[in-house]
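Number of protein chains: 2
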Amino acid sequence: MFSPLIENLIQALRCLPGVGPKSAQRMAMHLLERDREAAAQLAERLTLAIEKVGHCSKCRTMTEAETCALCDNPNRDASVLCVVETPADVLAIEQAGNFHGRYFVLLGHLSPIDGVGPGDLGIDLLMSRLDSEPVEELIIATNPTVEGEATAQFIAERARGKGVKVSRIAHGVPIGGELEYIDGGTLAHAFSSRQVI
Amino acid sequence: MFSPLIENLIQALRCLPGVGPKSAQRMAMHLLERDREAAAQLAERLTLAIEKVGHCSKCRTMTEAETCALCDNPNRDASVLCVVETPADVLAIEQAGNFHGRYFVLLGHLSPIDGVGPGDLGIDLLMSRLDSEPVEELIIATNPTVEGEATAQFIAERARGKGVKVSRIAHGVPIGGELEYIDGGTLAHAFSSRQVI
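Just so you know, the sequences run in chain order A and B.
This note's numbering puts the first residue of the first sequence at 22, with every later residue one more than the last.
This note's numbering puts the first residue of the second sequence at 22, with every later residue one more than the last.
Simulated from the structure, these hints should not be mistaken for laboratory data.
Wrong hints could be hidden among the right ones.
Stated by the list, open to error - Okay, derived cross-link-like pairs now, BS3-like style, lysine-lysine, Cα gap no bigger than 27 Å in a straight line:
{"id": "1", "chain 1": "B", "residue 1": "Lys186", "chain 2": "A", "residue 2": "Lys43"}
{"id": "2", "chain 1": "B", "residue 1": "Lys73", "chain 2": "B", "residue 2": "Lys186"}
{"id": "3", "chain 1": "A", "residue 1": "Lys73", "chain 2": "B", "residue 2": "Lys183"}
{"id": "4", "chain 1": "A", "residue 1": "Lys43", "chain 2": "B", "residue 2": "Lys73"}
{"id": "5", "chain 1": "A", "residue 1": "Lys73", "chain 2": "A", "residue 2": "Lys183"}
{"id": "6", "chain 1": "A", "residue 1": "Lys183", "chain 2": "A", "residue 2": "Lys79"}
{"id": "7", "chain 1": "B", "residue 1": "Lys43", "chain 2": "B", "residue 2": "Lys183"}
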């Protein structure tokens with residue numbers, strides 16, 4: 022119904038997560054009718070980011086520099102290393118604000134069905150960091166999913182061989198949550214992981 | 022928290038309607054981590070569309086050609102002209118599928134407070150079409166808002182001077198709607214516009 026260039030743009034906008042045909046159409050109309058300047062800027066920044074952004078050579082998070090700002094910061098505690106699945110997880114933990122150690126980003130989780138093995142997660146790089154850096158504790162903060170747990174187990178076994186203390190973040194009832202609305206799996210986990218007070 | 026190029030991309034994604042900081046972050050992560058090819062295509066199509074897409078010289082809808090596919094189609098009924106506010110309105114009417122005439126897109130509505138006057142809506146172009154084309158009926162399908170109604174009144178007065186039959190699409194209870202949930206304004210309109218059956 023629209024002209025080819027507009028149809029192509031609508032189609033391309035659907036690559037964004039959570040954007041269906043209606044939203045893509047609304048976005049295309051908005052950009053073309055009302056905000057071509059912002060659209061041009063978006064195109065330019067997309068191109069620049071695709072071209073330049075790679076991974077930190079130490080922690081594998083995304084950055085356009087050789088190493089990221091967190092790895093470069095000398096004030097971070099090098100004795101604690103936190104393993105997460107994605108760069109967004111780093112952000113979430115930083116926003117919580119009580120962890121002051123360093124990170125390692127797996128960029129995924131073990132998933133044999135999708136062909137994701139230890140090599141894809143940079144686990145050798147992680148192990149070499151345990152050898153070369155004064156890491157005393159490895160905190161594994163992968164997601165509490167089947168794959169995340171399997172990944173955590175795999176890393177824990179490899180790291181224990183290096184004489185490093187390995188811990189897993191706690192899973193249970195979220196703060197402010199109401200028991201009535203918590204799923205059974207979480208509640209069962211909260212009971213089995215109960216702590217003496 | 023992210024590196025500057027990523028932060029800039031997240032910021033730029035917020036120009037999209039309905040995209041807040043969290044979604045923008047999720048979109049940037051998705052594009053950079055999982056789908057750089059689609060991201061490159063999006064950037065390219067955005068640039069191309071911004072550069073090439075203009076307005077149809079007859080109906081003012083968006084197109085990269087001199088005139089749009091609907092204006093070029095010789096099978097459309099030239100005796101009925103439908104006036105809408107936006108190109109998306111044309112799409113909605115085409116999808117309903119029972120209108121076979123031609124369109125005129127105002128690209129907005131009269132809004133003195135925003136400095137939008139008859140000149141910005143191409144009303145002179147519309148009037149010259151009424152003179153030069155065999156239009157018998159002008160159907161005004163602007164939105165049933167205060168501005169849309171004012172625009173409809175303004176156009177109706179101008180068009181009546183040309184000896185053209187002017188109509189307004191019906192407003193009332195939507196098909197499949199339940200009276201219980203319809204707002205008072207719509208219901209009042211539905212009563213005052215009741216028709217003998």
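Violations among the numbered hints: 1, 2, 3, 5, 7
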